[in-house]
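The opening residue of the sequence shown carries number 4 in the numbering used here; numbering runs sequentially from there.
Possibly wrong hints are sitting among the right ones.
To be verified - Here are the in silico distance ranges between beta carbons for each label pair:
| hint | residue 1 | residue 2 | range |
| --- | --- | --- | --- |
| 1 | GLY161 | PHE134 | 34 to 42 Å |
| 2 | MET92 | VAL70 | 18 to 26 Å |
| 3 | ALA44 | ALA154 | 43 to 51 Å |
| 4 | VAL70 | TYR112 | 14 to 22 Å |
| 5 | GLU58 | SER26 | 14 to 22 Å |
| 6 | ILE42 | GLY161 | 14 to 22 Å |
| 7 | ALA16 | VAL70 | 46 to 54 Å |
| 8 | GLY89 | ILE42 | 41 to 49 Å |
Hints in this document: simulated from the structure, not taken from any laboratory. Using N, Cα and C, we set each Cβ at its ideal position, and we do this for glycine too.
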Amino acid sequence: MTAARAEQAPITAPALGMILFISSEVMFFAGLFAAYFTIRARAAAWPPAGVEALEVVLPAIATAVLVGSSFTAHRAVSAAERSDGGASMWLGITIAMGAVFLGAQGYEYSQLGFSVADHSYGTLFYAMTGFHALHVAGGLAALALVWVKNARGDLRGGHAGPAIAVGYYWHFVDVVWVALFSTLYLLG
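Kindly produce the complete structure, drawing on both the sequences and the hints.
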């Protein structure tokens with residue numbers, strides 16, 4: 004066994020559980036992307052007639068905020084692992100950034116000129132972004148729970164597993180959004 008391997012801590016149960024959960028979520032989103040690209044390839048016109056190009060500026064800003072929240076989530080996990088007390092601040096910033104992202108998405112929904120029932124493009128757009136928004140909301144709830152656990156001191160002394168698990172999930176949510184943004188807003 005190498006020295007580096009001997010120093011590596013074993014994976015915690017919460018982290019392993021999250022990795023397995025994320026694996027199933029990868030398959031779920033892969034199905035949505037497969038549906039999108041299959042329907043798009045078979046459509047006579049994409050997006051359908053009457054659908055204007057999506058506004059890119061606000062979603063690009065929201066994307067930058069969400070990607071930035073991955074860095075703050077990483078800082079929160081690192082602080083929890085070190086038990087240095089900075090985890091609560093970084094968790095709070097991450098939660099605020101996630102909330103800003105959801106607010107921007109809600110505003111965008113209010114401005115779109117099509118609905119989920121108008122055509123397959125609308126159905127796919129709202130399904131893909133809506134399921135992602137549900138994942139962000141779930142991530143915010145999980146981050147809040149970790150914030151509470153940290154405030155109670157439950158993450159100290161090598162018990163940062165919940166923070167690590169939620170960090171993995173938050174990074175997954177960010178990566179999925181980058182793929183969604185690239186597909187829906189940039190590729191059209």
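Consistency of the hints with the structure:
no. : hint                        : in the structure
1   : GLY161 / PHE134: 34 to 42 Å : holds (35 Å)
2   : MET92 / VAL70: 18 to 26 Å   : holds (19 Å)
3   : ALA44 / ALA154: 43 to 51 Å  : holds (50 Å)
4   : VAL70 / TYR112: 14 to 22 Å  : holds (21 Å)
5   : GLU58 / SER26: 14 to 22 Å   : violated (34 Å)
6   : ILE42 / GLY161: 14 to 22 Å  : violated (49 Å)
7   : ALA16 / VAL70: 46 to 54 Å   : violated (29 Å)
8   : GLY89 / ILE42: 41 to 49 Å   : holds (46 Å)
Figure legend: structure checked against the earlier numbered hints; hints not met, in rising order: 5, 6, 7.
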